[in-house]
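Engineer: Protein sequences appear in the order of chains A and B. So for the first sequence, the numbering used here puts the first residue at 1; every next one is plus one. So for the second sequence, the numbering used here puts the first residue at 1; every next one is plus one.
These aren't lab readings, by the way, just hints derived from the structure by calculation. Every residue gets a Cβ at the ideal spot worked out from N, C-alpha and C, and that includes glycine. Treat the hints with care, as some may be off.
So the derived label-pair ranges between C-beta atoms look like this [what the hints assert, rightly or not]:
1) B:1 - A:58: 32 to 38 angstroms
2) A:84 - B:8: 20 to 26 angstroms
3) B:81 - A:80: 42 to 48 angstroms
4) B:8 - A:39: 16 to 22 angstroms
5) A:58 - B:52: 40 to 46 angstroms
6) B:58 - A:20: 28 to 34 angstroms
7) B:72 - A:79: 41 to 47 angstroms
8) A:58 - B:85: 25 to 31 angstroms
9) B:17 - A:44: 39 to 45 angstroms
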Amino acid sequence: GDQVEQSPSALSLHEGTGSALRCNFTTTMRAVQWFRKNSRGSLINLFYLASGTKENGRLKSAFDSKERYSTLHIRDAQLEDSGTYFCAAEATNTGKLTFGDGTVLTVKP
Amino acid sequence: GPKVLQIPSHQIIDMGQMVTLNCDPVSNHLYFYWYKQILGQQMEFLVNFYNGKVMEKSKLFKDQFSVERPDGSYFTLKIQPTALEDSAVYFCASSPTGGAPQDTQYFGPGTRLLVL
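Turn these sequences into a full structure, and let the hints guide you.
Structural biologist: Below, the structure is given as structure tokens:
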């Protein structure tokens, strides 16, 4: 079936630094969503992309359907950015999302 | 932002009994989804629902599962009878549209179901 390979599984950053998360897809996807799971376990929407890039504050995401990947860049990381980040992608037009395994981000002082 | 509510937040039930999980989707959304996450595993798609019908379901959506949204009220997932392997967190989601182009799905906080 459709696979979403998310990396890294865990990431540790010092405050003020940045890094990128990546999802590779085994098939062509129509769109991708990025989420952060908060301390209560709720999924917070970060981005929805059908193509190109989007930016929101210190977060920026890109999606390349042809090359089968999406990235989430975090810059100037803050302590409150800590949490688990997920990508999820749609292969068809039915809205079915296939999730990655998540990246546990820890931001340290 | 838009909020999806789920009731109850936790449910403990004996194997073989029926359980109904309730979802209050974002108003004016037309597409509804259920996902299942077993502890320590990936979130997985169960079913999506539009205009009173199931549009797509996964192999996880067993015959014991059913969904409905009677008269625009809660979007429900019913499991009858429950089995031990149904223990998981069930997430509801809704989106304004489901056809091309796709749109953002908003997720509820989940219902933690434990089947004993």
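Engineer: Now tell me if each hint is right for this structure.
Structural biologist: Now for the hints, and whether the structure bears them out:
1. B:1 - A:58: 32 to 38 angstroms: With a Cβ separation near 18 angstroms, residue 1 (chain B) and residue 58 (chain A) fall outside 32 to 38 angstroms, so the hint is violated.
2. A:84 - B:8: 20 to 26 angstroms: holds (24 angstroms)
3. B:81 - A:80: 42 to 48 angstroms: The hint (42 to 48 angstroms, Cβ to Cβ) holds, given that residue 81 (chain B) and residue 80 (chain A) are roughly 43 angstroms apart.
4. B:8 - A:39: 16 to 22 angstroms: holds (20 angstroms)
5. A:58 - B:52: 40 to 46 angstroms: holds (42 angstroms)
6. B:58 - A:20: 28 to 34 angstroms: Given a distance of about 30 angstroms, which is inside 28 to 34 angstroms, the answer is holds.
7. B:72 - A:79: 41 to 47 angstroms: holds (42 angstroms)
8. A:58 - B:85: 25 to 31 angstroms: violated (41 angstroms)
9. B:17 - A:44: 39 to 45 angstroms: violated (33 angstroms)
Hint violations for this structure: numbers 1, 8 and 9, all remaining hints satisfied.
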